[in-house]
Amino acid sequence: MRTLLLAGLLTLTTTTYAAANECDISFEGSLQLEKSVLSIETDDHSKIVINQANQLFVNGEKIALSRYQQSLVSDYYAGIYAAAPQAAAIASDAIKLASVTVNEVFYELLGGESDAINDLTSKLDELGDQIHMNFYASNGEIRLNSDSFNDGSFLGQDWEDEFENVIEQVVSNSMGHLLISIGSEILFSGGDMDAFERKMERFGQSIEQRVEFQSSALEARADSLCLSLVAIDEVEEKLQDSISALSDLDVVQIKTRPQAM
Numbered sequence: 024m025r026t027l028l029l030a031g032l033l034t035l036t037t038t039t040y041a042a043a044n045e046c047d048i049s050f051e052g053s054l055q056l057e058k059s060v061l062s063i064e065t066d067d068h069s070k071i072v073i074n075q076a077n078q079l080f081v082n083g084e085k086i087a088l089s090r091y092q093q094s095l096v097s098d099y100y101a102g103i104y105a106a107a108p109q110a111a112a113i114a115s116d117a118i119k120l121a122s123v124t125v126n127e128v129f130y131e132l133l134g135g136e137s138d139a140i141n142d143l144t145s146k147l148d149e150l151g152d153q154i155h156m157n158f159y160a161s162n163g164e165i166r167l168n169s170d171s172f173n174d175g176s177f178l179g180q181d182w183e184d185e186f187e188n189v190i191e192q193v194v195s196n197s198m199g200h201l202l203i204s205i206g207s208e209i210l211f212s213g214g215d216m217d218a219f220e221r222k223m224e225r226f227g228q229s230i231e232q233r234v235e236f237q238s239s240a241l242e243a244r245a246d247s248l249c250l251s252l253v254a255i256d257e258v259e260e261k262l263q264d265s266i267s268a269l270s271d272l273d274v275v276q277i278k279t280r281p282q283a284m
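First residue of the sequence shown: 24, per this note's numbering; consecutive thereafter.
Be a bit skeptical, because a hint or two may be false.
To be verified - Straight-line C-alpha distance at most 27 angstroms; calculated BS3-like pairs for lysine-lysine:
(1) K70 to K85
(2) K70 to K58
(3) K261 to K278
(4) K261 to K58
(5) K58 to K85
(6) K119 to K146
(7) K70 to K261
(8) K85 to K278
(9) K85 to K261
As the list claims (entries may be wrong) - Computed Cβ-Cβ distance ranges for the label pairs, DEER-style:
(10) Q276 to F236: 26 to 36 angstroms
(11) Q93 to L250: 21 to 31 angstroms
(12) D142 to S62: 32 to 42 angstroms
(13) Q232 to E164: 35 to 45 angstroms
(14) E57 to Q263: 20 to 30 angstroms
Since the hints were made in silico from the structure, they are not lab data. Don't be surprised by glycine CBs; every beta carbon is placed ideally from N, CA and C.
Could you put together the complete structure from these sequences and hints?
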């Protein structure tokens, strides 16, 4: 029963992450955007800095650039600067959508006031705050630190895994109440398990219909972000070819290039 219930809850959020799972892009080395300064340390320990004026420094030395090279550096900086808030907004909105959806499930199973619902809301709020802190400084400035992604993945499993852990914990802590509630529902249905299953199926279909539009919008935004990151990787390759001091710049890596989106 526990496994089936948990699977049902998580299925409701699957489409939120579908586009992210298809877009397998990761960071190698270390990339940090802080106070509008982009700092990179490659796997070969080169230290690359691009400041607010789009000036390039490698291992403390300012690099003279041609007009073409300067345009590449500017495009690279602008791409990463734009991607950070995109990712933050998508992740935050995905958590909000999942929170509403799963709260409705618990409300249906447990009734109005429930410690499980309050606990879930609190934990998901904490997860949302963590996401915000990953992408914004206390003064509201955009920031990014690739070290905050445990597996190096910009659109990877970290947030989904943490969300699933929250659900698992709440379900585990509330299992007694859930079983009592489900038993009561079956009793109110005259012991008719099929009637209870039909009721829950209708409820699931109702939720799916209500969140389908929002999920589709999130998927489209995730697709757009993925394409932006692919474009950043392409600029990175041009920088490697054009500027000898950046020959080992290979921070943004495409593990699975997205198909037509």
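A quick look at each hint next to the structure:
Taken as a hint, the K70 and K85 pair is honoured in the structure, with Cα atoms around 12 angstroms apart against an allowance of 27 angstroms. Of the pairs offered as hints, the one joining K70 and K58 holds, with about 17 angstroms between alpha carbons and a cut-off of 27 angstroms not exceeded. Proximity of K261 to K278 is assessed by CA-CA distance (about 18 angstroms); at most 27 angstroms being required, the pair is judged to hold. For the proposed pair K261 and K58, the alpha carbon gap of about 26 angstroms is at most 27 angstroms, so the pair holds.
The hinted pair formed by K58 and K85 meets the criterion: a straight-line CA distance of about 19 angstroms does not exceed 27 angstroms. A hinted pair counts as satisfied when its Cα atoms are at most 27 angstroms apart, and K119 with K146 qualifies at roughly 12 angstroms. A C-alpha spacing of about 18 angstroms is found between K70 and K261, which places the hinted pair at or below 27 angstroms, so the restraint holds. With a C-alpha separation of about 32 angstroms, the suggested pair K85 and K278 falls outside the 27 angstroms cut-off, and the hint is violated.
The straight-line distance between the Cα atoms of K85 and K261 is roughly 19 angstroms, inside the 27 angstroms bound, and the hint therefore holds. In this structure the hint that Q276 and F236 lie 26 to 36 angstroms apart at CB holds, the actual value being about 33 angstroms. Our hint of 21 to 31 angstroms for Q93 and L250 holds, since their Cβ atoms are close to 24 angstroms apart. At about 39 angstroms, the CB distance of D142 to S62 agrees with the hint of 32 to 42 angstroms.
Separated by about 40 angstroms at the C-beta atoms, Q232 and E164 satisfy the suggested range of 35 to 45 angstroms. Between E57 and Q263 the CB atoms are about 24 angstroms apart, so this pair conforms to the stated range of 20 to 30 angstroms.
Going through the hint list in order, the structure does not satisfy hint 8, though it satisfies all others.
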